[in-house]
Every structure is written in C-alpha cells, then in structure tokens.
Amino acid sequence: MTSSNRYTASEILTVLSARALENGQLVFAGIGIPLLAATLAQRLGRPGLTILFEGGVIGAFVEPGKLPPSTNDQRCTKRANMVLGSADVLLLLQRGYVDIGFMGGAQIDQYGNLNSSFIGDPDAPKVRLPGSGGGNDISSLTNMIVAMKHEKRRFVEQVDFITSPGYLRGQNSRTDAGLPAGGVFRVITELAVFGFDAETRRIKVLSLNPGVTAEEVQDNTGFPLTFDDGVTVTEPPTNEELETLRMLDPERLFTA
Amino acid sequence: MTSSNRYTASEILTVLSARALENGQLVFAGIGIPLLAATLAQRLGRPGLTILFEGGVIGAFVEPGKLPPSTNDQRCTKRANMVLGSADVLLLLQRGYVDIGFMGGAQIDQYGNLNSSFIGDPDAPKVRLPGSGGGNDISSLTNMIVAMKHEKRRFVEQVDFITSPGYLRGQNSRTDAGLPAGGVFRVITELAVFGFDAETRRIKVLSLNPGVTAEEVQDNTGFPLTFDDGVTVTEPPTNEELETLRMLDPERLFTA
Amino acid sequence: MPSSDVQSYATLREDLAKRDRSLREKVVSLEEAAGLVRDGMQVGIGGSTMSRTPMALIWELIRQGRKQLSCSRCIVSTDGDLLFGGGVADEIVTSWFAQGILWGLSKVMRHHVEAGDKRYQEWSHLAMGMRFRAGGMGVPFLPIRSMLGSDLMPLRPEAKEFDCPFTGEKLLLVPALNPDVAIIHVQRCDAYGNAQIDGLQFMDIDLALAANSVILTTERIVSNDQIRRMPDHTKIPFMCVDAVVEVPYGAAPHECYGLYEPMMKHMEAYVAQVNADPVEGMKAYLDRFVYGPKNWTEFLSLIGMEEIVEASRQGRSMYND
Amino acid sequence: MPSSDVQSYATLREDLAKRDRSLREKVVSLEEAAGLVRDGMQVGIGGSTMSRTPMALIWELIRQGRKQLSCSRCIVSTDGDLLFGGGVADEIVTSWFAQGILWGLSKVMRHHVEAGDKRYQEWSHLAMGMRFRAGGMGVPFLPIRSMLGSDLMPLRPEAKEFDCPFTGEKLLLVPALNPDVAIIHVQRCDAYGNAQIDGLQFMDIDLALAANSVILTTERIVSNDQIRRMPDHTKIPFMCVDAVVEVPYGAAPHECYGLYEPMMKHMEAYVAQVNADPVEGMKAYLDRFVYGPKNWTEFLSLIGMEEIVEASRQGRSMYND
Chain A
1 MTSSNRYTAS EILTVLSARA LENGQLVFAG IGIPLLAATL AQRLGRPGLT ILFEGGVIGA
61 FVEPGKLPPS TNDQRCTKRA NMVLGSADVL LLLQRGYVDI GFMGGAQIDQ YGNLNSSFIG
121 DPDAPKVRLP GSGGGNDISS LTNMIVAMKH EKRRFVEQVD FITSPGYLRG QNSRTDAGLP
181 AGGVFRVITE LAVFGFDAET RRIKVLSLNP GVTAEEVQDN TGFPLTFDDG VTVTEPPTNE
241 ELETLRMLDP ERLFTA
Chain B
1 MTSSNRYTAS EILTVLSARA LENGQLVFAG IGIPLLAATL AQRLGRPGLT ILFEGGVIGA
61 FVEPGKLPPS TNDQRCTKRA NMVLGSADVL LLLQRGYVDI GFMGGAQIDQ YGNLNSSFIG
121 DPDAPKVRLP GSGGGNDISS LTNMIVAMKH EKRRFVEQVD FITSPGYLRG QNSRTDAGLP
181 AGGVFRVITE LAVFGFDAET RRIKVLSLNP GVTAEEVQDN TGFPLTFDDG VTVTEPPTNE
241 ELETLRMLDP ERLFTA
Chain C
1 MPSSDVQSYA TLREDLAKRD RSLREKVVSL EEAAGLVRDG MQVGIGGSTM SRTPMALIWE
61 LIRQGRKQLS CSRCIVSTDG DLLFGGGVAD EIVTSWFAQG ILWGLSKVMR HHVEAGDKRY
121 QEWSHLAMGM RFRAGGMGVP FLPIRSMLGS DLMPLRPEAK EFDCPFTGEK LLLVPALNPD
181 VAIIHVQRCD AYGNAQIDGL QFMDIDLALA ANSVILTTER IVSNDQIRRM PDHTKIPFMC
241 VDAVVEVPYG AAPHECYGLY EPMMKHMEAY VAQVNADPVE GMKAYLDRFV YGPKNWTEFL
301 SLIGMEEIVE ASRQGRSMYN D
Chain D
1 MPSSDVQSYA TLREDLAKRD RSLREKVVSL EEAAGLVRDG MQVGIGGSTM SRTPMALIWE
61 LIRQGRKQLS CSRCIVSTDG DLLFGGGVAD EIVTSWFAQG ILWGLSKVMR HHVEAGDKRY
121 QEWSHLAMGM RFRAGGMGVP FLPIRSMLGS DLMPLRPEAK EFDCPFTGEK LLLVPALNPD
181 VAIIHVQRCD AYGNAQIDGL QFMDIDLALA ANSVILTTER IVSNDQIRRM PDHTKIPFMC
241 VDAVVEVPYG AAPHECYGLY EPMMKHMEAY VAQVNADPVE GMKAYLDRFV YGPKNWTEFL
301 SLIGMEEIVE ASRQGRSMYN D
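Residue numbers (our numbering), protein chains in the order written: chain A, 1 to 256; chain B, 1 to 256; chain C, 1 to 321; chain D, 1 to 321.
Simulated from the structure, these hints should not be mistaken for lab results.
A hint or two may mislead.
To be verified - Simulated crosslink set (EDC-like; lysine to aspartate or glutamate; CA at most 20 Å straight-line):
id, chain 1, residue 1, chain 2, residue 2
1, B, Lys126, C, Glu114
2, D, Lys170, C, Glu14
3, C, Lys170, B, Asp176
4, B, Lys204, B, Glu215
5, A, Lys66, A, Glu199
6, C, Lys160, D, Glu280
7, D, Lys265, D, Glu307
8, D, Lys118, D, Glu280
As the list claims (entries may be wrong) - Now the stretches of chain B that chain C is said to cover, found in silico as 3 or more residues with beta-carbon under 8 Å:
id, stretch
9, 55–69
10, 125–131
11, 134–141
12, 162–170
Ideal Cβ positions, reconstructed from N, Cα and C, are used throughout, including at glycine.
With the hints as constraints, model all of the structure from the sequences given.
This is how it looks when you write it as structure tokens:
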C-alpha cells in the first residue's frame, strides 16, 4: 500500500499482467510489456513458467538488463529449451500446445478485436500501422491476455480494422467464422482488469486498479462499459514486485 | 572384352547403371544396385555426383566395404553434405531439385509401371510384397532409371498392381492422372538397356548387353518387345569398373 | 476410431488441453512407460527400418501382453514382425514392410497378412510423412503430388483427389494422422523430455508433435542445463513429452546413430529362424529373447558382449574423420 | 507476374530444371551477386526484424540502382525503410513493418504507403511462413486456421476460404510464394553453398527451397570438409544456392546470432534522422552511409570501431554459461 504513489502506468500494467500468469503454464509472449511481465512472473516464484517467442523460442529466461529489442533477437534465446523456425513456433499454437497468448494492443473494441493495421480507411489510411505480425495467429489460435494503455482513442466501440480477432461481432460469430478455439479472456490496463461475458462476448470490468474509480475507467473508454456484479479492487504492486521489475528493466526500456 | 566371362549378372547390371549417371547430377538412389552403382560412378571419375538417400541424406560418400543394409542407416550419411528429415528429402523431389531417381524393381510392365505391393489379387494376394516405400514418390516426381533382374515373370505386359507409376496406360495417361513431371526413361537389366517411345510411351530395346541376342531378351520377356531402329551393343565392363566395384562390395552384399 | 479417420479440430484441441504440458520431471521405468500404451490404441513409432527403433519399449509391450494396437511408422522392418508375431498389433500402417534388403520379404508379415488375421495398410513414404506433418501442424490434411494415377490411390480412399483452386492441377489430399501415443528412441534428453537427436531424424519431429502423448526412450538422460546451452540442438520440445525412460542400447538389435550399428549376427539368426517357420520360429524367438530375460540388460547379455562391442565400435566410427 | 499469383507446377519444374544445381564453387563478389537480382524481380529476404538481415546485399542493390522489386520477408524493420527509401522496392510483402518496439512506427513506411507510391501487402506471420513452405514443398497452397474472420481475410483475396472435405471445418488456403531470388545471410557456408545457421533460423530454410535462385552472404566461408563432418548441422543444401559471398558483419547494423548484436547507436541515430524527415533524412543517410563508402568495410568504419566491438562482445556473450 505504501508504494501506491511510486509506480508508473507501465509498471502497474506489467505487475498485474505478471500476476495473471501461473507456474507451469506455456505463455506465448509478444514484445514489450508481455515479455517483461512473463519474465517478471518467472522471477517471482514461477520458474516453471515457459515463455515462447515468435522468433522461434521455447522456454527462454531473459537476463536482467538485457531485454531484447524484439522477439526475434538472440537475447530471446538465452537459456531456452529449444530454438526452432518461426513458422514452427506458431504452428505449436495451431496444434494447441500453448496455454496463453499474451500481447500488447494498439486499439481494442468491445468484443476484444484488435487493430494494428490501419487507422481510417484501409484503402486510404490516415495511419498505416505496423500490421499483424503473429498477432492475428495468436489471437486466432489461443486463449489470450491483452495488456495495453488505457486511452479513449484506444478503447473504441468498433475498431477500424480487425487485425487480430477477439469475438468479432459477439455471440458465436468467432466460432462461426472458423475459429472454434481460443479467444481473448483478459484485458489488463493501468486502470482496470477486464473479462468477457460468457454469452454476449462483450467486454466487462472485473476489477479496478488501486485508487481508480469506475467513473475514471468509463471516462477513458470510447463506449459504455459493463461492470461485473462483483467488481473488486486489485491489490497494489508490492515492493518485491516493483523491485524485481526494476531490476529486469533498469533502463526503463518497456516501462518508461 | 577379355573380362566378358568374368562378371556376374548383378555386376554387369551395376556397371551399366553406373555408366548411366553423369558427373554433377543429383541422383536419388534406392538400396541395393542403385546405391552401389551411384557409389561406383563417384569412384570412377565422377566425384561431383551427388547421391540422395530416402533416410534423409544429401551428398553421401559411402565407404568401400561398408555398404549400408538400407538407405535409412547411419552408413548412408558418411561424409554427406546434409542430413534432413525423410519426408523433407522426398519433398526435394516434389519441388524438382533432383535430376534422377534410381530404383530397383520387382516387376515391371510395358509402360514402365512397377509393382512392389501384391502378386495376385490385392484383396487376397498370393504374395504380399514389401510395398512402395519411396518408390511411388520417386517414380511420380522424377525422371527415373530402373535397374532390375531380367526374368519373364518380372517383365510382364501388365503388372498386377501399379505401386510406382511409369507411363500408366501409355500416351498421355501419366500426365492426365496428375503427374506432369518425370517418368522412367531407362530400364537396365543384365540382358539389355531399354528406353521408351516418345509417343506411345511403350518400352523398347535401345542396346543389347555384350554377348546377348535379341532373341534371348525376347525369350525372357513376358510380352512382344519392340527394338529401336539403331539397336547397339554395349561395351563390356572394363577391368577398372569391375575391380572398383569389387573393392566397394567385397562381401558381394549386393552383387552375389 | 478407425486409424484412417481424421480427428476434428475440437477433439484435437480438447485432448491436448487435458495433457499436463508443464515443465516437470517425467522419468519413469520401462514397465511404467509401457503401461501408458493401452489395448486398441494407435501407436506411432519413431525411427525407420533398422534405425533408432524403440525396441526396448516394443519388447516390453509384448511382455505385458498388449493387444489390438494399430501401429504406424514410416518404414517397418523386424519391429513389424515382432508387433505382429508378438500379438500386440492387428494393423500396421506404413510404406514398406520387409526384413531388409539383405533378407528380402518378411515371412512373418506374409504369414499374417496373406492369412488375413493382420492388416498392412500401405501408403507412399511421402504420404506417411505428410500425414504425420499434418497431424503435427493441427490441420486435417496436406496436399501431395504422388500416389496419383497409381493403384495405391484407389487402395486408399482415405486420401482424396482434389482439383487445386489456384492452379486447376490435380493433387492428392492425405489425411492427418494423430496417433494416441508415439514411442520414440533418442540419443539423449533431459528429465523434462527436451530431446536431442543426432544424425537421421526421419519423421520423428512431426510424429512427436502429432501424437496425443509421447514416450521417449533415451540412451542417456542429461541435465536441463546441458540442453539449455545449445537450444538449437533440441529436436523435440518437452511439452510434447509425457514420459522419459533411460534405456542404454534401447534400439538393440537395431542401430542408434553414432552409438551402435545393428547387431547383425543376432539379426541374421533371427531372420533365419522366423523365415524358416514364421509361427514356431517366432514363438521360439519370443520365448528365448522376449519372455525369457528378467530385464532389458539380460536381453542384451543374450545378444552377447562381442556383438554389443562390435556394434558400438562400428557405430562410433561415424565420427572418425 | 503479380506477386500473389501461384506458379503452375510445370513452370516451377521447368525453371528449376534450367538451374545448374551441381556441386560446384559459387563464390562471387558482392557486386556480382547483386547483379543476379534484376529490376522487377520478386525477392525473398532471410532473417527477421533486426536479425540476420542480408544488409550488405540490400546496401549493394541500392548502390546499383535496382528498381521495382517486390520484396517478401516474415517481419520487416529498417531494411524495409531502406528498400522503400532507397528506391529499389515498390512493394513489400510481410506481416509486420516498423522500426522496432523501441522506436515505434516507421515514418518512412508511412510516408510512402500513405502517399500511395509504395505498397505494403500484409499477411499474418503464420501465413507468410506457410506461403514460403508451400513454395518449398512444390505445392500450390497450404491450409491454415488463422486469418479467418478477421479483416485481413477480405484484404487478401489471394487466399481462399475452404471447407475441409475431411472434417467440414473452415480453413484458409494460402498460396505458395516462390520468389525469383532469395537473399539470405548465414554464419557460415562452404564454397558450394552448404550453409550452417546458428540459433534462430526464422523462415530461411523454407525460403531457400522455395526461391528460384538463392544468394547467400556469409560471415565466413568454411571448407566442404568441415561441413561434411557434421552433416546434420547443414540447414540449407548446396543445390538451392546459386551464389556465395563472404561478407564479415554482413548483417550490420542488425545482428547475427552468436557473433554480434545490433549496433544500437547507429540504429538510434538512423531512426532519429529518418523519422524527423522521411525524405530528406533518408536521402542524407543514403548519401553518407550507402552511396558514400567505397565498399562494405568502409561502411563498417563509418559505424565505428567502438560500436562494432561492443556489438561483437554482446553477440558472443550468448555462449557464456
């Protein structure tokens, strides 16, 4: 509790994300917060957490202070159990070997669809974003956690372009489209933690981050939010969590 | 010429087969005579002949006196350029990287179709033979040489079962079946060397082995043979060819 | 389920979700490992012909009286004889089944298949590979350009001829094969199942990914630290693996790349005996070499020190310059 | 041919039959190798993001003024900037195109794509992999289970939605990609082109098999004897390869596994300069670092000894225990 004023938005995002991962799980982590959070979880008493990276890595232990600049760099392979082709590591998702896909997001909508391709009309975009990478594959093939900054322009009713499918148009539309497995089940921001309604597949607030009000979350969201019946308040980051995190990312590469 | 009485049927078969291979070619060789003949060709001034084996080998140099008992044994990999998966080496044929497939045969017909699956009715066979192995793939995907013993029961008008396709029912039937590439272009026996008519795709005698008459070849064949207009007589094995061969297979594993 | 049916994606995913894929130690005895293979299962077998055959595990399955297995392997040799003759397999799915070029046809296979009490389901070698690969990729089929036009195609209606929507060409779609269990012998792995395979890998990587459980027998169990020093040498990742058994000479009398070649005197005596009489010869072989020994090491001592040493000398000579 | 058209099998086979695939020495200069890439070709690029990018060859293509290339790569970073900004590529086919997580969007890509003078054709990462793999296998497509339902699917009508004849499930068939030429950087290969790749291999093996010609740049040319001592370490076989160029630090300022990490000061200065002005900043970069140096070694000396040594120290530390 005493540390509540002493962490950045990126830091609480990372800590809460790390908490969502369990020892023994196989987690396919994207670059940035997901990589850092999964590494943090390993260091916080979950050494049996296996991290997979898109570059073609199974079971890496990233070294403190040596965060890789992408998931395709050699630093991702340090003390890994296996290095393999990048299509082959994605096929592990398709086959079903991976428990959790864990990605950042640029823009998300009420059904958990992610856009990382276009702002505006795809034929004449206002902004051409980087694109899918493995994002489409991960979200199509695996149960997924998204960690992202909470801003009104990022939390929209409907994304301009579905790069990575959440529940598409809700209900059974994801399964009907040919995606019977996986789906986003958690969205973690610096304000709150979200889940999805089992039937409508619409996003809902599960818990508020320490010191954050429901109103504040709604104000930063571009559509009317649903709050779970039993909305809780998340425990603030502990000193151990923050210290370990700062040891891992001393230059604040991902937690600026 | 002086050596004409001093070689076995297997030996002339191997020597003539080796002669059919050129330096620089990529040859996918089956076990037995093909492996031995390709190795002989390497030793007779064609060191740039690359031998591929079904076990997953590119560019092996089999050692004298250490002939492998199959193309899936470690002896096949000695001083190879590459070892890879056995499906992957077959995919090289499908992609088109290999010049020549080179196999033995149990039974062949007038269109070069090979049977290594069943004698008699496949539903209640008189003899269940070993089956295709890579034979079907090699003959479907590559220009092929077949080396085999010449017996009436092995050279038949129509095989009981097409395990490995030659020209199927002749003319364009092979291409029409979905096999536009490759096809058997030489059959080598201890009696003669055969090619195929460019149009009918029926087998024909190109040359007679030394001391063999046309009648003798016909007598040992289960259907009426066509003889090429310019049928020649093959040069007998030289002392160098025979000596090198016997150095490679001192125990007469494949040349008994 | 018939061995040629393609599993639905929902079934595949559910079965895999149930497995404990976490990083955990999995070392068990040969007897316990064989217990994971149950009557009637589809069993994928690693290695090829006489190479890296998981012989110790097959030997133990016969000893435990396993029944009605459907076994698949890229190429089958005397292991197939034992699976049929030892009573454990009713069906073998493969591309080639004989004792080897040195000995010709398998009289044991002929005896059982021609009499109709056992089945040999034949595919081309590439088709076997693409069936395992499809299974490992989590797709129901892969396209190939062989088997077309031959009599193998009508023999295998489980594969489907198909007009390519891109090029109009004819292709054959071969169905995924996802065995219930795969048994694979490797040179070394760690206690979690991270396996290194030296030399010929055959179809073992695809098979390990395709199967719904995997048993590794290994010449040697090494530390996880050793694996992590060369992660690009790992060929099978731990999360595919359900059990690890250390069995030195676990492929005997077949070979294990870089360690030992086949034990040819034992093989020759075996072939002479079963080809002379595929029923009584096999029974005598099983009595003496499978049911007789107390354990695998005693089986090795029946092969004899001279053969083991000679096979090892030959095997290690692969690395002579 | 449009970059998304699938080549017929007849064309693929004819093109491959014309190549000299024999075991022969293929060592050429960087200048000669770049000459094998002709205007308008489809060029597949090895490595990924900032790893094992064949930077020296890309640098030489810009110097030689190559034009209208369609370049494909699994993931594109500053190499894509240079291909667009240097005027050599009109189209980039990939799954992700940015400067890297540290710097965010590529202003150079945005400038050209949003203005419409260059095209970024987007696929999912797995789709890129399966496109190269289909190309390498000699089949016109492979089935995948992603891209379905998303807006990427209608964006890419080159892929075909498909009802599986085995299971009735929806699948996406992605078309084979067989580039005219692949450019791949490796740690070592022999004069024939037998290549060893350490660590991350990305999609390079599939790409090498798929392409209709392959240029390898390599940190080091080793003897064929050395290759033949460990044939299971060869990742790309010689018959795929048409030219071999020895270029130490040939991926600079990107990384090469086990040898050097990215040269971050150079990268940061580059990014700051081109993001401030994607046209003039790029022009200034090209003038100084691409057109300016006499040769690749002079480019390295512009990066500076301190950066090269530090990147090498970091790169080699991968093998520290």
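Exercise for review: Provide an ascending list of the numbers of those earlier hints which the structure does not satisfy.
Suggested key: 5 and 6
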